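Enquirer: One letter stands for each residue in the lines below.
2 protein chains.
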Amino acid sequence: MSKHKISPFAPAKFPVLPPIAGFEMATAEAGVKYEGRTDLWVLRGQAGTQVAGVFTQNLCPGAAIDWSRKALGVEADGPRLVIVNSGNANVFAGQKSRDAVVESAQGAADVFGAQAESVFLASTGVIGEALEASKLTAKYPQMKAALKADDWEAAARAIMTTDTYAKGASTSLMIDGQKVTINGIAKGSGMIAPDMATMLAFVATDANIAQDVLQALLAVQTQTTFNAITVDSDTSTSDTLLLLASGAAGHTQITDIDDPRLTDFKAALHDVLFDLAMQIIKDGEGITKFVTIKVGGAVSNISAKRVGMSIANSPLVKTAIAGEDANWGRIVMAVGKAGEPAERDKLSIWMGPHLLAQKGQKNENYTEDDGAAYMKNDEIEIKVDLGLGDGASTVYTCDLTHGYIDINADYRS
Amino acid sequence: MSKHKISPFAPAKFPVLPPIAGFEMATAEAGVKYEGRTDLWVLRGQAGTQVAGVFTQNLCPGAAIDWSRKALGVEADGPRLVIVNSGNANVFAGQKSRDAVVESAQGAADVFGAQAESVFLASTGVIGEALEASKLTAKYPQMKAALKADDWEAAARAIMTTDTYAKGASTSLMIDGQKVTINGIAKGSGMIAPDMATMLAFVATDANIAQDVLQALLAVQTQTTFNAITVDSDTSTSDTLLLLASGAAGHTQITDIDDPRLTDFKAALHDVLFDLAMQIIKDGEGITKFVTIKVGGAVSNISAKRVGMSIANSPLVKTAIAGEDANWGRIVMAVGKAGEPAERDKLSIWMGPHLLAQKGQKNENYTEDDGAAYMKNDEIEIKVDLGLGDGASTVYTCDLTHGYIDINADYRS
Chain A
-1 MSKHKISPFA
9 PAKFPVLPPI
19 AGFEMATAEA
29 GVKYEGRTDL
39 WVLRGQAGTQ
49 VAGVFTQNLC
59 PGAAIDWSRK
69 ALGVEADGPR
79 LVIVNSGNAN
89 VFAGQKSRDA
99 VVESAQGAAD
109 VFGAQAESVF
119 LASTGVIGEA
129 LEASKLTAKY
139 PQMKAALKAD
149 DWEAAARAIM
159 TTDTYAKGAS
169 TSLMIDGQKV
179 TINGIAKGSG
189 MIAPDMATML
199 AFVATDANIA
209 QDVLQALLAV
219 QTQTTFNAIT
229 VDSDTSTSDT
239 LLLLASGAAG
249 HTQITDIDDP
259 RLTDFKAALH
269 DVLFDLAMQI
279 IKDGEGITKF
289 VTIKVGGAVS
299 NISAKRVGMS
309 IANSPLVKTA
319 IAGEDANWGR
329 IVMAVGKAGE
339 PAERDKLSIW
349 MGPHLLAQKG
359 QKNENYTEDD
369 GAAYMKNDEI
379 EIKVDLGLGD
389 GASTVYTCDL
399 THGYIDINAD
409 YRS
Chain B
-1 MSKHKISPFA
9 PAKFPVLPPI
19 AGFEMATAEA
29 GVKYEGRTDL
39 WVLRGQAGTQ
49 VAGVFTQNLC
59 PGAAIDWSRK
69 ALGVEADGPR
79 LVIVNSGNAN
89 VFAGQKSRDA
99 VVESAQGAAD
109 VFGAQAESVF
119 LASTGVIGEA
129 LEASKLTAKY
139 PQMKAALKAD
149 DWEAAARAIM
159 TTDTYAKGAS
169 TSLMIDGQKV
179 TINGIAKGSG
189 MIAPDMATML
199 AFVATDANIA
209 QDVLQALLAV
219 QTQTTFNAIT
229 VDSDTSTSDT
239 LLLLASGAAG
249 HTQITDIDDP
259 RLTDFKAALH
269 DVLFDLAMQI
279 IKDGEGITKF
289 VTIKVGGAVS
299 NISAKRVGMS
309 IANSPLVKTA
319 IAGEDANWGR
329 IVMAVGKAGE
339 PAERDKLSIW
349 MGPHLLAQKG
359 QKNENYTEDD
369 GAAYMKNDEI
379 EIKVDLGLGD
389 GASTVYTCDL
399 THGYIDINAD
409 YRS
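Chain order of the listed sequences is A and B.
Reading the first sequence from the start, the letters are residues -1 to 411 in our numbering.
Reading the second sequence from the start, the letters are residues -1 to 411 in our numbering.
By construction, these hints were calculated from the structure, which means they are not laboratory data.
Keep in mind it's a predicted model, so treat the numbers as computed, not measured.
Not one of these hints is a red herring.
Copies of the same chain are indistinguishable here, so a pair counts whether it falls within one copy or spans any two.
Below, computed lysine-lysine pairings styled on DSSO-like, alpha-carbon distance capped at 27 Å: (1) Lys142 with Lys31; (2) Lys357 with Lys31; (3) Lys344 with Lys292; (4) Lys357 with Lys68; (5) Lys374 with Lys11; (6) Lys381 with Lys292; (7) Lys68 with Lys344; (8) Lys344 with Lys94; (9) Lys31 with Lys146; (10) Lys94 with Lys357; (11) Lys68 with Lys94; (12) Lys94 with Lys381; (13) Lys3 with Lys31; (14) Lys177 with Lys264; (15) Lys11 with Lys177.
Please model the complete structure; the sequences and the hints are all you need to start from.
Expert: Below is the structure:
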C-alpha cells in the first residue's frame, strides 16, 4: 500500500484470524482518496455487543473522535457498528466535518439496522478537508449484501495508510468450557501524522463481558501496550482503540473484574494488544532497529515510564541507534532531561548483555568493540537502572533514520 | 572546525568585538582531543568582577556544572576566572571527573591569581571519560604570559565542537555619560549532544552592576533568548551561560533592578543574548530552514511557550518544513498534543502572510500554491492564535533534515 520500502520486520504473511461468533464485516473501494484499493470497513456486532474504547489524548481531535466518545456512552439495544475509512481523517474542517460524521453514522444506521448515536466512527488520512460522507453511504448497501464472518485480512488492508504491511493478531482461550476467540487488527505507522498515519486498532471477541469490566480491562492494558510505544513522540488527532465483545460464546456474563474466569482472558487480551502494538512499532516510519527500553530503580512506575519515554523520544538516542553507536552518553542526557528523580552517580546502563556504565561512570570491563558488535543486531535492548527505588517500566520504539525523513519531508512532493 | 557542510545561514565573517575594560583572555592548543586547533580559553575579569550564571536543567549534569554552580555563590575578593575547554565534557566519569575539576580550578587559581572556589569551569566534548586536567594546567603559564584584551574571535573558535562557524555579538550603550560595551560568544550546535555539542555562552561587560541585579536580569532575559530556542528537544548535561561585569566603565554601581540607568542596558544585553541564541539555531545540525514560531491567544505566556515548543520539537512539523510543505495539519496535531488549553474550533494558523486556517477550518481563500511558494523561503514564520486569552510567546527552531541524521547517526563511523 505504501510507496515506501517494506519494513525489515514485516511478517512473512498475515496471521490466521478465524470468524468470531456475533460479528460480520465487509470492505469496499469508496474512493475517498486512494485509487485501486479498499478504504472502507464496516464491522457489525450482534445486538447486545458490549464496547470499550480509548481515544487520543490530543486536545484537537477529529470529528469522528468526538462522535465515538459519545457513542461509547450509549446503551444500544440493537447491533453495534464500527465504520472506518482511510484516505481522509475528517479533521479540522469545522461544521463540514461534523456534518460528515452525522451523515456517515445515520446512513450506516439506516442500512445496517442500528441506532445512529451508537455507531462508532474512525477516520484516518489527509486533514483539513471534510470527508465526503456520500462516498461512504453510497457503498453501504452493497457492503450490507456482502457481510461475512471472516474477512479480517481485507479489513486490516482497508484501514492502512503509510503502513507497509497489514497488522493482525488472534488467540483463543476457554471460559466455562466454551471456546472464546479474540481477534485484532491495527494500523500505524508513524506514531502518527494527522495527514498520513494514525494509530487505529479494533479488537473483537465473542466473550460475554459487561461494558464496565471491558472498559476497565482495556484502560489498564493500554498502559503496557499501545501507550508504551512511540515512533516520533507525535500524537495523532484520531487515535482510536475499540474492544467489542459480542457475548456469543455461550458462557454467562462476567460482571466483576475480579471474576476468576477473567484470568485467562486478561492474559489473552494482553497478548493480542501487545502483538498489535509491537507490529505498529515494527512498521515505524523508516525503521531499521526495533528498540526495547527497560527502566528500573525509579521512584515509581510512572516515573520509570517518563524516563523511558524521554530516552525513546530523544532524537539523539534514536539517531545513535540508527548509526549502530552504543552511545550511552546520550542515554545519560535523556535520563537527565526527563525531569524525573535521577542521580548521576547511581545510574547504571546496559546495552543487551553489556554493562556500559555503573554508578555514574564507565564500566572498566566494557569495551567499545563489545558495544559495536551488539549494536549490529536488528533488535536492541537498552536497560537503565536509576538506583533509587522499585519503579519499573518498559517502552518500545524504533530508530530515527533517513527513511523517516524521506517519508515525512517528501510526502507531498 | 566541523567536517560537516557549513550552515547556509553562516555570516560572511565574525563581527567586531572590541576590548572591554577589566577583561583579559588567552587561548591555547591543549590537545584535549582535537589536533591542530585551539581547545582551551581563559577569561580573567579584574578584581570585583560580578558574575551571573544559568546552567542546564538536566538532572545528570557534568562535574563542571556542579563546580560552577558553587562558584556562583562565592564572593571573591580577587580576579574572577572562566576556564573553558572543548573536546571532553568531563561528564559521567565519577570521582575522576570530580578530581579533574578540582585540579583544573586550583591550577588556574595558582597561575592567574584567583581564589580556586571562585573559578568558573565549562567543558564540552566527548563524555564518559575523565578530562585529563594536566593537559589544561600545563598550558596555563604560557596563557598567562599571552593574556590580552581583545582575542574574542580566537575565544569563540576555541570553544567550538560541531559548530560550522564561530559565534559572537557586541553592542554598546551609555550609562551616566560613560560608554559601556557588551560582548558575547557562544557555541551550539545541536541543542546539544553530550558528546558532541552543548550550548555554552559567555557574555562580558564593563558595566558596574551588583551581582543580584545581574543575576535577575540574566534569569529574565534567558527566557526569551536561550530558553526560547530548540534544535532537537535534547538538553545538554553541560549547558552554561555566564554574564560577567567588570565594573570598569566608571559609573557608580547599579544595585537596584528598577534603576532607570538599566533601561538601555537591559535592551542592549537582550540584543546580545538574542543575537547569540539566533546564531546557535542558525547553526543547528543539518539546518536548511530557520523557523520562528509565534503563539498568541493562549491562556498565559507559559502556556503559549509550551505550545510553541511542542510545535518546534515535533519531528513531523520539522520534516514537513524541510520538505517545503505548508502542512498545517501537523501544526494542529502539535498544538493538541502539548497538553495546554486549546480548542480546535478557535484555532487559527498562518504561514508568513498566509492565513491557512481559522476557527477550526481551512481558510477558503488560501491556496496550496500560496503555501508552496512561501515555504521555499529560507526563513519561515509560523503563527498560531489559540483564541483563548492574551498569553503569547515566540520560539525559534530549525528543520529536521537528512543532514541531522548524517551528523548524529554517523558520528563515530
